[in-house]
Amino acid sequence: GNSVTQMEGPVTLSEEAFLTINCTYTATGYPSLFWYVQYPGEGLQLLLKATKADDKGSNKGFEATYRKETTSFHLEKGSVQVSDSAVYFCALSDASGGSEKLVFGKGTKLTVNP
Amino acid sequence: NAGVTQTPKFQVLKTGQSMTLQCAQDMNHEYMSWYRQDPGMGLRLIHYSVGAGITDQGEVPNGYNVSRSTTEDFPLRLLSAAPSQTSVYFCASSYGQGVNIQYFGAGTRLSVL
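From first to last, the protein sequence lines are chains A and B.
With the numbering used here, the residue at position 12 of the first sequence is 525, and numbering never jumps.
With the numbering used here, the residue at position 48 of the second sequence is 455, and numbering never jumps.
It is possible that part of the hints are untrue.
To be verified - With a cut-off of at most 25 angstroms between alpha-carbon atoms, the simulated PhoX-like pairs for lysine-lysine come out as follows:
#, chain 1, residue 1, chain 2, residue 2
1, B, K416, A, K622
2, A, K569, A, K581
3, A, K619, B, K416
Simulated from the structure, these hints should not be mistaken for lab results.
Work the whole structure out from these sequences, hints included.
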């Protein structure tokens with residue numbers, strides 16, 4: 514079945530540090546890939562997405578590139594801020610099968626210190 | 408826009424009690440789903456619906472019932488609560504076609520004693 518594996522946290526960085534959160538997936542068909550973010554006390558919200566191989570999703574300084582050859586979708590940001598402290602979830606949706614279901618990784622908690 | 412609204416935000420139950428978690432969306436989305444979030448487990452799909460009158464089981468459906476009588480509402484029922492159902496519950500909705508961007512409610516934190 515489909516699955517998502519992301520690096521375990523927690524991750525603690527200083528402000529302006531470089532961030533990478535690794536995500537790899539296993540899927541049949543041609544999934545769409547997502548990063549969702551959950552700020553403290555809130556629900557999840559979409560951060561960025563990519564729908565086909567070599568697509569790059571970007572938003573709020575975050576980027577992730579859909580790499581079919583390595584089945585990866587790593588999240589990166591060049592300079593993190595305290596306000597980026599949150600839990601980040603990688604997820605996939607197998608659109609080719611007509612499924613509307615998302616499969617999530619376990620989440621990575623990021624703390625950014627001033 | 409209200410988006411996805413979940414009520415209540417917090418709830419404490421005793422083992423064996425029943426309750427309904429409410430979820431409503433005002434975006435005319437066809438697809439709605441319920442997830443539970445547990446530490447170290449990510450989000451796991453409980454039940455989902457692709458439209459009014461249609462529901463199906465997700466990864467962890469046992470102990471939960473759902474119905475979808477309208478496009479807007481998708482309540483989750485616990486018939487006999489158990490301590491293992493202590494969790495944070497999220498409802499989500501999406502258009503259900505094309506790229507599946509889901510919109511989440513703020514969650515319901517449930518404790519079963």
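Measure nothing beyond the straight line between the CA atoms of K569 of chain A and K581 of chain A; if it is 25 angstroms or shorter, mark the hint as holding.
holds (12 angstroms)
Would you mind confirming whether the straight-line C-alpha gap from K416 of chain B to K622 of chain A stays at or under 25 angstroms?
holds (22 angstroms)
If you draw a straight line from the CA of K619 of chain A to the CA of K416 of chain B, is it 25 angstroms or shorter?
holds (23 angstroms)
In summary, this structure violates none of the numbered hints.
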